[in-house]
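Asker: Sequence:
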Amino acid sequence: MNWHPLTSTEQLDEVIQESKETPVVIFKHSTACSISSTAKSRLERQWNGAGLDHVKPYYLDLLSYRPVSNEVAEVLHVTHQSPQLLLVQDGMCTYDASHLSISVDALKKKITA
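Residue numbers (the working numbering): 65 to 177.
Check each hint, because a few of them may be wrong.
[As the list claims (entries may be wrong)] Here are the simulated DSBU-like pairs of lysine-lysine, each with C-alpha atoms no more than 35 Å apart in a straight line:
(1) K174 <-> K120
(2) K174 <-> K84
(3) K120 <-> K173
(4) K84 <-> K173
(5) K172 <-> K120
(6) K84 <-> K172
(7) K120 <-> K84
[Claimed, not checked] Using C-beta positions, here's what the derived DEER-type ranges look like:
(8) N134 <-> G113: 12 to 22 Å
(9) M156 <-> E74: 26 to 36 Å
(10) S72 <-> H141: 28 to 38 Å
(11) E74 <-> G113: 15 to 25 Å
(12) T95 <-> T176: 14 to 24 Å
(13) V142 <-> T176: 15 to 25 Å
(14) V142 <-> Q81: 29 to 39 Å
(15) D77 <-> T158: 29 to 39 Å
(16) E138 <-> G115: 29 to 39 Å
(17) G113 <-> T73: 11 to 21 Å
(18) K173 <-> E108: 26 to 36 Å
(19) S98 <-> T176: 26 to 36 Å
(20) S167 <-> H118: 15 to 25 Å
(21) T176 <-> A96: 18 to 28 Å
Treat the hints as calculated values from the structure; they're not laboratory data. We put the CB at the ideal spot given by N, CA and C, even for glycine.
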């Protein structure tokens with residue numbers, strides 16, 4: 065899995081535009097939370113070999129980039145959670161999972177492209 069860091073609100077605009085061409089996921093991670101670390105590790109293990117090469121994964125460090133996290137919640141109309149996995153397609157969040165509900169199998173069922 066090749067994470068792309070999400071570090072600015074301007075970049076978020078680009079990610080949303082990018083989602084109109086290819087599905088993207090945003091993983092919101094708290095580096096101080098053991099549940100978040102577990103969810104991230106599980107996601108990374110499940111991702112490899114899951115046939116998601118066409119999905120671009122973004123990683124958002126909530127503690128370092130809180131304003132970006134707030135903007136994600138506002139722009140994508142989701143309630144903030146941590147950890148949280150968001151699937152963005154055609155400029156809209158089409159799947160939202162948090163904590164240990166984060167699953168590659170569930171994500172794959174929601175991907176339309």
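Asker: Could you check the hint for me, namely that D77 and T158 are 29 to 39 Å apart, CB to CB?
Answerer: Check failed, 18 Å falls outside 29 to 39 Å.
Asker: Lying within 26 to 36 Å: is that true of the beta-carbon distance K173 to E108?
Answerer: violated (19 Å)
Asker: For a C-alpha distance cap of 35 Å, please report whether K84 and K172 respect it.
Answerer: The given pair, whose Cα atoms are some 17 Å apart, holds under the 35 Å limit.
Asker: Taking only the CA atoms, is the gap from K174 to K120 under or equal to 35 Å?
Answerer: Roughly 15 Å separates the two Cα atoms, so the pair holds.
Asker: Next pair to validate is K120 with K84; report whether the Cα-Cα distance is within 35 Å.
Answerer: Holds, at about 12 Å.
Asker: That 26 to 36 Å hint for S98 and T176 (C-beta), does it hold up?
Answerer: holds (33 Å)
Asker: Looking only at beta-carbon atoms, does the pair N134, G113 fall within the given range of 12 to 22 Å?
Answerer: violated (34 Å)
Asker: If I claimed the Cβ atoms of E138 and G115 lie 29 to 39 Å apart, would that claim hold in this structure?
Answerer: Holds, since E138 and G115 (Cβ atoms, about 32 Å apart) stay within the stated range.
Asker: With a cut-off of 35 Å on the C-alpha distance, tell me whether K172 and K120 pass.
Answerer: holds (13 Å)
Asker: Between the beta carbons of V142 and Q81, is the distance compatible with 29 to 39 Å?
Answerer: violated (18 Å)
Asker: Quick check: does the Cβ-Cβ distance between S167 and H118 fall within 15 to 25 Å?
Answerer: For H118 against S167, whose Cβ atoms are near 18 Å apart, the range 15 to 25 Å holds.
Asker: Regarding T95 and T176, is the given constraint of 14 to 24 Å on their beta-carbon distance met?
Answerer: 32 Å Cβ-Cβ, so the 14 to 24 Å window is violated.
The structure shown violates the earlier hints numbered 8, 9, 10, 11, 12, 14, 15, 17, 18 and 21.
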